[in-house]
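*Asks:* Chain by chain, the residues:
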Amino acid sequence: MSNATQPTAEPDERVKEISAFRKALIRPELGGIVGTVAVFTFFLLFAADSGMFTSQGVMNWSVVSAQFVIIAVGACLLMIAGEFDLSVGSMIGFAGMMIAIFSVSYGWPVWAAILTTFVLCVAIGAVNGLIVVRTGLPSFIVTLAFLFILRGFTIFLPQTIERKTIIGGVTDVAEGDWLAPVFGGKIFKGFFTWLGENGLIETFERGTNTGKPVVDGIPMLIVWAILLIVFGHVLLTKTKFGNWIFASGGDAEAARNSGVPVSKVKILMFMFTAFCATVFAVCQVMEFGSAGADRGLLKEFEAIIAVVIGGALLTGGYGSVIGAALGALIFGVVQQGLFFAGVESSLFRVFLGVILLGAVILNTYIRRIITGER
Amino acid sequence: MNSKAKKIVMAAAIAAMPVLAASAASAEGERYVLVSHAPDSDSWWNTIKNGIALAGEQMGVEVEYRNPPTGDLADMARIIDQAAASGPDGIITTLADFDVLKGPISNAVASGIDVIIMNTGTGEQAREVGALMYVGQPEYDAGYAAGQRAKDDGIGSFLCVNHAIQQPTLVERCQGFADGLGIELGESMLDSGVDPAEIKNRVMAYLTANPDTEAVLTLGPVSADPTLLALEENGMAGAIYFGTFDLGEEIVKGIKSGTIKWGIDQQPFLQAYLPVVIMTNYHRYGVLPGNNINSGPGFVTADGLEKIEEFAGEYR
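If you read the sequences in order, they're chains A and B.
Using our numbering, the letters of the first sequence map in sequence onto residues 12 to 385.
Using our numbering, the letters of the second sequence map in sequence onto residues 2 to 317.
Derived from the structure by calculation, the hints contain no laboratory data.
In this text, all values refer to a predicted model and were calculated from it rather than measured experimentally.
Honestly, I wouldn't trust all of these hints.
Claimed, not checked - Straight-line distance between alpha carbons at most 27 Å, and here's what the computed DSS-like set of lysine-lysine pairs gives:
id : chain 1 : residue 1 : chain 2 : residue 2
1  : B       : Lys-103   : B       : Lys-257
2  : A       : Lys-251   : A       : Lys-275
3  : B       : Lys-308   : B       : Lys-103
4  : A       : Lys-223   : A       : Lys-249
5  : B       : Lys-103   : B       : Lys-50
6  : B       : Lys-103   : A       : Lys-223
7  : A       : Lys-175   : A       : Lys-200
8  : A       : Lys-175   : B       : Lys-254
9  : A       : Lys-197   : B       : Lys-103
10 : B       : Lys-50    : B       : Lys-152
11 : A       : Lys-223   : A       : Lys-197
12 : B       : Lys-257   : A       : Lys-200
13 : A       : Lys-175   : B       : Lys-257
14 : B       : Lys-152   : B       : Lys-103
15 : B       : Lys-257   : B       : Lys-308
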């Protein structure tokens, strides 16, 4: 916009406007921003009075979106670095189960269980990355293998140790633990109580919770989502390492020749993806108090969908964390919002498919602008 | 390009409009939401959908069915939150995992929504979360009753084909059956997965490896149908003692032909139908049954199959 100041003839003016327009277009967040506005407009029109925008409703789709954000940030950075991780969903189930087994079955303190699980899962992420980098196999295949390996253990271990596939009781053992509230707690409780007392948000009408606000704080899940967005965004856009990530995914060979430690970057991104999946799992286990063998099913695709809606290219080298976060928001709002709008839940997939297709078409168009191919 | 993206979103919006209009049109009377733990792939829940649809029609209330597409129980907890936020008159839900679901359900009750627990869970758990009542079949008891019946028929060893091993209630059926027989569950439970070809081949492989197996127990049509095929293929159909949970077209045929000894019907139709009727009458006239309702176990054998055959998979 600022460069369109020269007082020249009409045709030049037009050319400049197009170039500015194109400049705006190649921002990876664009699709996400347009989509977010469209989705919110849609639901404000069709579901405004359905409870979707009450405090309880907002919290509902915020939490679901935050879940998508947590895994999408990891998937986004990895995808920009040129790789996929299909084991994210299984990793969520596996990490949750490890915490439950360590803390409930083996009686470890919860903080130790959480930290050990983090170390274990990030190490598995490193193994994923090492195999991909060392063998040169597509990450699609390697992580597909881990999808099954981890899911298998997630069913086998609790079956062997406890003779059941859902291990509960984590809430009881997490009582008084110093680390557990970092994942399962809520913040700003006082503020929400104040809001409730002053009639600014709804309160419970009966039972032991009468008078308490229906939303009593911001879950740590949302805090983690925001922290990961900030971390990922700063890492990607403000640091040398961020450039390395782009370079590794753009053209690994060229990057290597110019001194970028491509293998190291990719392995670290696999570890970061595993870290994100583990954050997701710990938050889930702490909130619900149990780990189940079917947790996280298909979440790997949801992460990838959020990232793709958010404008990252499947081929790597291009994308943004903000875009991925917006993609996750769109995903969460659409998934939960269709219910409020009274749409049959099976049609959610149709909607998601349409949005995904639209996003991919948009991405292809953008790639053509960047690369100049026609 | 901007406009292109908008066009796509608008096209999607327009595509969804008839759906929105259709569902908004029926909005009169009370509104009830049924939440289940079943993944989309589980056809057994079709009967449940028929049950609430018929009850909704007869009572003149609006009913909705919601489920987590992959069967993930944490997702189900969010769906209950969401259902509560939409302010219905009542929520009918399964209690597939007490730890995961007690929070959302208690919160729904606390915000003034009446809840009835159906299908999975127990009367005790229903009371604990503040639900009005429990309508369903206590799974362990049903398995135990089946085990005792098999014991009376002289059975001493069995194979339990479990198609959803991650669901504790299905494990309880196998465990109950083993306890009813008075033997250890041990290695008798087979994690079969849900793919029919895999189930069939695993059952055949198990029976080949364990030729002394005297009975087969399946936990629903998902595992029963392929098991029937497996038994036909290896020639054990009719020779091996075969019992199953739930009914379906193939199971009814199997009972008729004598391949299946009995089917345990928990009457899913009633589990969906009764809560809607009970809640509507409670909300309109303040009447409520004083106890939980056991919709099963009812043993279905070759006697009196006609009506069951007619409605299997639809209302039965």
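*Asks:* State for each hint whether it applies.
*Replies:* Results of checking the hints against the structure:
1. Lys-103/B <-> Lys-257/B: violated (41 Å)
2. Lys-251/A <-> Lys-275/A: Holds, at about 14 Å.
3. Lys-308/B <-> Lys-103/B: violated (38 Å)
4. Lys-223/A <-> Lys-249/A: violated (43 Å)
5. Lys-103/B <-> Lys-50/B: holds (24 Å)
6. Lys-103/B <-> Lys-223/A: holds (18 Å)
7. Lys-175/A <-> Lys-200/A: Not OK: Lys-175/A and Lys-200/A at ~36 Å, beyond 27 Å, violated.
8. Lys-175/A <-> Lys-254/B: The hint is violated at about 33 Å.
9. Lys-197/A <-> Lys-103/B: holds (18 Å)
10. Lys-50/B <-> Lys-152/B: violated (35 Å)
11. Lys-223/A <-> Lys-197/A: At roughly 15 Å apart (the allowed maximum being 27 Å), Lys-197/A and Lys-223/A satisfy the hint.
12. Lys-257/B <-> Lys-200/A: violated (62 Å)
13. Lys-175/A <-> Lys-257/B: violated (35 Å)
14. Lys-152/B <-> Lys-103/B: violated (36 Å)
15. Lys-257/B <-> Lys-308/B: holds (12 Å)
Checked against the numbered hints above, the structure breaks hints 1, 3, 4, 7, 8, 10, 12, 13 and 14 and satisfies the rest.
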